[in-house]
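Protein chains in written order, with this note's numbering: chain C, 4 to 465; chain W, 8 to 478.
It should be emphasised that the hints constitute simulated quantities derived from the structure, not laboratory data.
There may be inaccurate statements among the hints.
Unchecked claim - Which bits of chain C does chain W cover? Going by a derived footprint, with three or more residues having C-beta under 8 Å, they are: (1) 180-190; (2) 377-383; (3) 389-395.
All values derive from a computational prediction rather than experimental measurement.
Heads up, the beta-carbon is just placed ideally off N, CA and C, and yes, glycines get one too.
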Amino acid sequence: MSETTIIDQPIGGLMEGITDALNATAVATLSAGEPSWLQERRAEAWSAYERTPMPTTRLEEWRYTNLRKLLKLDRMTFEAVAPSDAASGTPFDLASAPSALRDAMEADREASGHVVEVDGRVVHVDLDAELAAKGVVLTSLRRAVAEHADLLKTHLATDALPASRGKFQALNAALWTDGIFLHVPRGVRLELPVRVTRYLTEAVSGSALFNRTLILADPASQVSFVDESLSVEFTAPTLFSSAVEVMARDGAQVQYVSLQRMGHGVFHLQQQRTLAGRDSTLDTLNVSLGASVARTDLNAQLLGPGANSDMLGLCFGEEGQHFDHNTSQDHVAPHAKSDLLYKGALDGNARSVFRGIIKVHKGAQQTDAYQTNRNLLLSERARADSLPNLEIEADDVKCSHGATVGQLDLDHLFYLMSRGLSRTQAERLVVLGFLGEVLSRLPLGGVVEKVTRIIEERLQQG
Amino acid sequence: MPQNDTIQDLGLDEYKYHFITEDEPVFRSGRGLNEKVVREISAQKGEPEWMLQSRLKALEIYNAKPMPTWGGDLSKLEEVLDQIYFYVRPQEKMERSWDDVPVNIKETFERLGIPEAEQKVLAGVGAQYESEMVYHSLKKEWDDKGVIFDSIEDGLRNHPELFREYFGKVIPAADNKFSAMNAAVWSGGSFVYIPKGVELDTPLQAYFRVNQEQMGQFERTLIIADEGSKAHYIEGCTAPVYSTESFHSGVIEIIVKPGAHFRYTTIQNWSTNMYNLVTQRAMVHENATMEWLDGNLGSKLTMKYPSCVLVGEGAHGSILSIAYSGDGQHQDTGGKVIHAAPNTTSSIISKSISKGTGRSTYRGLCQVHEGAVNAKSNVECDALLINETSRTDTYPYIEIEEKRSNIGHEATVSKVGDEQLFYLMSRGMSEEEAMALIVRGFIEPIAKLLPLEYAVELNRLIELEMEGSVG
């Protein structure tokens, strides 16, 4: 490769990303009154953040997403107030909630439990009484610090997303203000999903928000978690950082779905890591529809023999949107399977980046690992970059990957038009069919319909 | 069907090109790379001033560029380079007849079968020994048609305008650290010009031999295939095995003019103490075709990504790459295609075999620029792993700026299937024969594009390398 393809020089020294709002004082303010283990964890995370240089496009993982241009941390505010102090007052009243939030929740009546977050703070939690009696815990992270200290001390920002994993993992571990904790005890099965609705209002315009989710599924348990985020349109750049840790113990079955439909002006930064134990199933679906910049890092660890992870993703981009999906499938244990399908349809000057890696570690024999990335360019100005990588250090494996970039299949269009559809109608149908393949692989109640409806609406506007 | 010998019956379990020729070079530079060495090389060649200046500028670029941190392990390379002789001149001048080549050098090439091949199947032959071309000859019928097949030095001397028009234009010194190094110290290589409409029916061949220990070879090849011409160029490379590392860094620039068809084949079989870092790129014009056939079997580490820049409408680029990595070897190879014009097409097929602690990496780029409408590209990578200590990686980069294009990439990794082995063994083959047959089937798509003699040679090499791979 020619070195001339490298665009950027690293900037500054070790103090990058430390601002008037994001600094050690903020960490101290935030953790005042917290148990000492958490204070220490935040302080260590902050120090890791300080030590880690800001990623540049010189790093393979950030090759096509230039943070110098896209993320202006120094212009952002940060409110270092513990939500336990701020939000314990008035109970959440759905009737007075913004209509977009209400609509999103109305569509999700059927659930094992709900969590509502407004401006990064949990304002409402409910859980089926029967499940609560069986020991299921669904609560705000802040409350969990007090009520489930042992579990958090062991699992929060340790096994899955420790600060050592990177600059933004460290920043989130240092500055998270709230989030969600879900614990499903051994053998308990949740028939209906847990539904989370997050909403950002104009009040947090121009600020940086840090949120964490910790999901612990004990052996032989089962749960689906649908995590939806929405916001108003922002004029000032606003950061929403979400760190998601999911652990499926032996034989557990877990589905995690992120449905991101944030408004303009949002930099949506998701870090997800899934740990799949022996004979467990741990599937993920990332739907990226909104935000100006959406970056998702997903690392799936196949840690026990017989573990299985389906990893699905789709994005639909329009004018001014930049999506970057960075996935990895880490086969540590033998006899495990992972299957990834990410699809993107891009209109306007939207741009998508897919970088995925299958890594088969030494000794992970009998691995089955697949990776597919398909992109549809709907406009002259759209752009797609795809880097599907393989690193294989065991010989008895089945691995493959594929990537395609292309335009709408003209044969498909002509067929539909010959059946009386207009060109626009035919195009919409083909795009829906293209993205629908992803949804059909994880047919979770409500999600397929909702995503299909949103994409349909957006296709009609365009 | 293969001959019924088992792999062991062949009795050739060593690198068969390991033999050292005793000789005294006419001139040898000091170790390491510095301005003095660059000036010495230029003076030895009696070059025009502009070329010396171009070399010195390239040296500056080389010094300014950091060592790459991607690809293979280059952490020891600086140390190796400090010990390398950058220029070794084996004889006074290049010869046109084998009879005039010094006996020991001639014997070297006879052992490699070059003069024999020349008579049988080649339109022309160049042979490089250490830093210089020691022999260059072209059959008279092609000479009469205006074909130029010369050492790069004679190209500069005898065709200065043509040379200067194209030299360093496809691959500028600043392209990467090793193209800068080559631009500073290049020596040897071929200068080829195929006139308009001339079609060569047999290949031209250049053979590269490194004999001395701690030697660096920096051949530079410039090929211009004029409109509507057609030719096939083959390079082969070998060296004896030493306990210290040697270094080879070539730059190959090819201009394929409208309607021309050019194929460049490499059978790289350096000894396993060789660092082989090569930049090769073709500029492909309207309705022209460029084919790279890249076979990498030898070397300690190879980093090489033949490229096609499709600048003319309707241009086609094809890269066929086969890599074999045995114990301690790392082949970091692949290809690049850049679609910069409408209706261009390309295909990359890469096959690799990793055995023992060998590691094969496919690294590739497929880029479609805005406006390159109807570009089509297809990339396929297959990797075969023989042992549990073997490793393979695939790193494709796909960068698409044009909606009206169609780009695909696929890769699979597999082990030689037990079922395949058992099937063949149930038909009476030994396990080793079966393994050799499966591997031959795996590389077949590449072998069949080679002239017969080379296909046989490639098969035999693979068979040799597969020895003892079972159980």
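Right, here's what the structure says about each hint:
1. With 0 residues carrying a beta carbon less than 8 Å from a beta carbon of chain W, the region 180-190 of chain C misses the three-residue requirement, and the given coverage is violated.
2. Figure legend: the region 377-383 of chain C, annotated as covered by chain W; annotation consistent (5 residues with Cβ-Cβ distances under 8 Å, at least 3 required).
3. Counting residues of the region 389-395 of chain C whose C-beta sits closer than 8 Å to any C-beta of chain W gives 7, which meets the bar of three, so the coverage hint holds.
Comparing the model with each earlier hint shows a violation of hint 1 alone; every other hint is respected.
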